[in-house]
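Protein chains: 2
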Amino acid sequence: MQYSKSTDYALHALIHLAQAEGRENIGIKPLAHSLGVSESYLSKIMSKLRQDGLVRSVTGVKGGYELARPPRDITFLDVIQVIEGRQELYVCSNLDSKQHRTYFAGPDEAPPQRHDQCLVKRVMDGAQQQMDRYLRGHTIQTVLDEAAAVRSEECSSRRTQA
Amino acid sequence: MQYSKSTDYALHALIHLAQAEGRENIGIKPLAHSLGVSESYLSKIMSKLRQDGLVRSVTGVKGGYELARPPRDITFLDVIQVIEGRQELYVCSNLDSKQHRTYFAGPDEAPPQRHDQCLVKRVMDGAQQQMDRYLRGHTIQTVLDEAAAVRSEECSSRRTQA
DNA sequence: GTTATTATGGATACTAACAATCCACAATTC
DNA sequence: GAATTGTGGATTGTTAGTATCCATAATAAC
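Residue numbers (UniProt numbering), protein chains in the order written: chain A, 1 to 162; chain B, 1 to 162.
By construction, these hints were calculated from the structure, which means they are not laboratory data. Any given hint might turn out to be false.
[Said to hold, decoys possible] Derived PhoX-like pairs: lysine-lysine, alpha-carbon spacing no greater than 25 Å straight-line:
{"no.": "1", "chain 1": "A", "residue 1": "29", "chain 2": "A", "residue 2": "48"}
{"no.": "2", "chain 1": "A", "residue 1": "44", "chain 2": "B", "residue 2": "48"}
{"no.": "3", "chain 1": "A", "residue 1": "29", "chain 2": "A", "residue 2": "5"}
{"no.": "4", "chain 1": "A", "residue 1": "5", "chain 2": "A", "residue 2": "62"}
{"no.": "5", "chain 1": "A", "residue 1": "5", "chain 2": "B", "residue 2": "44"}
{"no.": "6", "chain 1": "B", "residue 1": "44", "chain 2": "B", "residue 2": "5"}
{"no.": "7", "chain 1": "A", "residue 1": "5", "chain 2": "A", "residue 2": "44"}
{"no.": "8", "chain 1": "A", "residue 1": "62", "chain 2": "A", "residue 2": "29"}
{"no.": "9", "chain 1": "B", "residue 1": "62", "chain 2": "B", "residue 2": "29"}
{"no.": "10", "chain 1": "A", "residue 1": "44", "chain 2": "A", "residue 2": "29"}
{"no.": "11", "chain 1": "B", "residue 1": "29", "chain 2": "B", "residue 2": "44"}
{"no.": "12", "chain 1": "A", "residue 1": "121", "chain 2": "B", "residue 2": "44"}
{"no.": "13", "chain 1": "B", "residue 1": "62", "chain 2": "A", "residue 2": "5"}
{"no.": "14", "chain 1": "B", "residue 1": "5", "chain 2": "B", "residue 2": "48"}
{"no.": "15", "chain 1": "B", "residue 1": "48", "chain 2": "B", "residue 2": "29"}
{"no.": "16", "chain 1": "A", "residue 1": "121", "chain 2": "B", "residue 2": "48"}
{"no.": "17", "chain 1": "A", "residue 1": "48", "chain 2": "A", "residue 2": "62"}
{"no.": "18", "chain 1": "B", "residue 1": "62", "chain 2": "B", "residue 2": "48"}
{"no.": "19", "chain 1": "A", "residue 1": "121", "chain 2": "B", "residue 2": "5"}
{"no.": "20", "chain 1": "B", "residue 1": "121", "chain 2": "A", "residue 2": "48"}
{"no.": "21", "chain 1": "B", "residue 1": "29", "chain 2": "B", "residue 2": "5"}
[Said to hold, decoys possible] Taking beta-carbon pairs under 7 Å as the criterion, some of the chain B residues facing chain A (in silico):
{"no.": "22", "residue": "3"}
{"no.": "23", "residue": "8"}
{"no.": "24", "residue": "67"}
{"no.": "25", "residue": "82"}
{"no.": "26", "residue": "84"}
{"no.": "27", "residue": "93"}
{"no.": "28", "residue": "95"}
{"no.": "29", "residue": "120"}
{"no.": "30", "residue": "127"}
{"no.": "31", "residue": "134"}
{"no.": "32", "residue": "135"}
{"no.": "33", "residue": "138"}
{"no.": "34", "residue": "144"}
{"no.": "35", "residue": "146"}
{"no.": "36", "residue": "147"}
{"no.": "37", "residue": "152"}
[To be verified] Interface residues of chain A toward chain B, partial, derived using beta-carbon atoms under 7 Å:
{"no.": "38", "residue": "77"}
{"no.": "39", "residue": "119"}
{"no.": "40", "residue": "130"}
Just so it is clear, the structure is predicted and the values come from calculations on it, not from any experiment. The C-beta atom is built at its ideal place from N, Cα and C for all residues, glycine as well.
Please take these sequences and the hints and turn them into a complete structure.
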């Protein structure tokens with residue numbers, strides 16, 4: 001199980017747009033070149049991001065893309081869900097198997113269960129919630145901030161060396 | 001992105017074995033039947049679990065599978081890593097793109113970076129760690145316990161009704 | 001030892017998702 | 001009107017996951 005390359009491209013593209021915030025639109029050409037991916041493929045991804053309201057686009061000369069919201073309001077989870085879809089990490093394909101009856105089995109004449117959710121799924125959903133919470137807490141701005149922090153650290157260490 | 005059906009089968013199979021702990025080996029036939037999956041396919045999965053030391057197997061008449069460790073020592077993460085492989089959830093395919101140079105870009109004559117890790121990857125690795133920690137904290141025994149809890153709750157509510 | 005049973009591993013096939021490209025078209029600036 | 005730029009449809013190749021079949025090896029029971 002692994003996130004697709006598309007997600008990778010999308011995240012990096014958004015960061016690139018964020019770095020140019022407020023100045024100008026960025027066309028697919030420089031964007032694709034900067035990420036090292038073909039224009040045709042990246043344009044598909046950008047379209048998705050546009051349809052879901054993460055970026056705006058302008059056609060024609062001087063056109064291109066820009067963020068539709070401030071970087072602080074674009075979470076990693078947002079981006080992932082747009083590209084990968086809002087699907088659950090785990091789906092139990094066994095729901096009508098004997099297995100789940102044994103989980104809850106009282107006497108055979110037991111009434112229909114209220115707890116009809118797979119116990120494995122309960123755990124897996126918990127895991128996904130952990131991850132989602134983390135991804136919701138990190139935004140494009142987070143990366144920008146870290147990049148700035150790294151840069152200033154670099155500079156000071158270089159000054160120390162000299 | 002989604003966990004494979006194989007992971008689903010593996011988890012349910014292990015729970016099944018755990019429920020029969022210490023009594024007898026369980027053959028592929030009843031196991032597959034109980035999960036609602038073909039014997040041939042499940043046997044591949046069981047082989048993997050054996051190769052990685054999660055179950056033991058005996059061939060021949062009266063053969064079958066049993067857990068190789070107590071249920072408390074088989075974590076969800078163990079099972080997932082055996083089936084899905086120990087791969088990282090996120091791989092940055094852009095490492096040599098302009099993008100990462102702009103993250104850290106001081107003056108162009110800057111020395112080779114120590115912080116050569118993608119900042120996007122840093123976030124994504126953090127997310128995976130959150131999930132892994134959760135999955136490491138839940139075991140086959142966890143499910144057994146919850147199943148018991150649900151059962152007793154069912155019983156008591158049935159008693160109350162009567 | 002022979003037979004029936006049971007797991008193992010190799011080979012193979014099918015399918016769906018992902019990755020990638022190309023092209024005709026629409027919108028916009030100059 | 002011409003050049004530029006994004007959009008969406010169609011198409012193709014590749015890979016991972018799903019699934020099956022069969023020959024083989026190991027073991028218990030007789």
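Original post:
So which hints don't hold here, by number, going up?
Top reply: Hints 2, 4, 5, 13, 24, 25, 28, 34, 37 and 38 contradicted; others consistent.
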